[in-house]
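Visitor: Chains as they are written, first to last, in my numbering: chain A, 5 to 251; chain B, 5 to 227.
None of these hints come from the bench; they were simulated from the model.
Bear in mind that the values here come from a model prediction, so they are computed numbers and not experimental data.
Each residue gets a CB set at the ideal place from its N, CA and C atoms; glycine is no exception.
Worth double-checking, as some hints may not be accurate.
Output of the computed footprint for chain A on chain B, the stretches with three or more beta carbons under 8 Å from beta carbons of chain A [what the hints assert, rightly or not]: (1) 21 to 30; (2) 132 to 146; (3) 165 to 176; (4) 179 to 185.
As a plain string of letters, each chain reads:
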Amino acid sequence: MKNINWFHYAAPQTFYGLAGKAWPWFAVLATAFMVAGLWIGFAVAPTDFQQGEGYRIIFVHVPASWMSMVIYLAMAFWSVLGLTFNTRLSGMMTRALAPTGALFAFLSLWTGALWGKPMWGAWWVWDARLTSELILFFLYLGYIALTSAIDDTRRSDRAGALIAIVGAINVPIIYFSVKWWNTLHQGASVSLTQAPSMAALMLWGMLLVALAFWAYSIALVLYRVRTLILQRDSHATWVHELEEVTR
Amino acid sequence: MSGGAFMAVLRRDVLLALRRKSEVLTAVFFFVVVAALFPLGIGPELNTLRLVAPGVLWVGALLSSMLALQRLFEADYRDGTLEQMALSPTPLAWLVSAKLLAHWLVSGVPLVLLAPVLGLQFDLSTDALTTLTLALLLGTPVLSLVGGIGAALTLGVRGGGVLLSLLVLPLFIPVLVFGAGAVEAQASGLGAQAHFSILMAMLLPAAFFSPLACAAALRIALE
């Protein structure tokens, strides 16, 4: 395991096999972590003394928000790799990541609204975190719209990579500007940071669900990238020699 | 020599825009009409109007600069001028910065000049008008610079216009926040100095990096 030749797996043909072997394992991991995390979250973790049972949505909400940000970073990472090394696989990875990232951003907004209504009495407040999560969702949509509007795969990958990098540079700027904008307009009506320190058990539940989301994303992205590889290499001989294609 | 090329592209683009006045004027009138619609929607209460004026004028400026953005590279792309620019010994990014400057002169400066007049309709004080104009003067170039990247990426793409807004408008948010915030800070007695500094801090890196990103995007489109 010491010397893995990473460039060997940069070829779609070899990565296709690796991804095929890996994704079921990540799917199993995701299920196991999810069951454990939700079991702790719903059955074991104590009721919060301030928020009652309603706080339990934290076990989905916080990991989904984390994941939406991690996936954008991963997209930027693959974009930089793709533009510097000019590898085809990087573009496919970025494209495979985008829908999952958008899903998590949406999930985070949705669960946030569901949580906000009983706790703050409003579905939506113009808090810095909420606003920047919404903008992150828009950035995902922009990436998906741009890449799907360009038919030429090479051009759409490179254009998508550029907008993903520009977006990644902008995310911190947007976050801080919205934060200052918010503090200028009104005192922070909502602060998640000053919540009482969390019980260790709640933290465990959240971490397990976060791990489950990681494994789920990896499994899904690997599966999706396999489909993309098949689509794009459908003219290649090696695809036609595959068992699942000839069958 | 490259300074000569810069000036040549700048003059050419400004001249072309002035020869086709209707396109420039459309974006400007759009700005005026949007600004005039808001009081009709909100109601003529001057206290409310004074509060929303900076935001309304800034959002109007964002949208109207979006209209002009679509034409930034389109004509040159279609008739092959852009390819010649990419092939020329002068760096493409340098020529692109001339185009972006020309675009700002044609689409941004009229908005800056009109804003105080429209601000009067919203009953803004002289101080507020000065702040608003200065903020627009610092902020509108950023709109042209960042928007240019989007315009280059969506060159010749299906449904380019709507796509461009979806790509670029989220990236305009910091400019909007500090541009409109400057007037409010000034009105509340805090002074707009900090906002101007931040707008400048956005303008300078954008002026340096955006032509490079635009050039990269154009090369992708020209491949």
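Visitor: Are any of the numbered hints broken by this structure? If so, which, sorted upward?
Guide: Hints 1 and 2 contradicted; others consistent.
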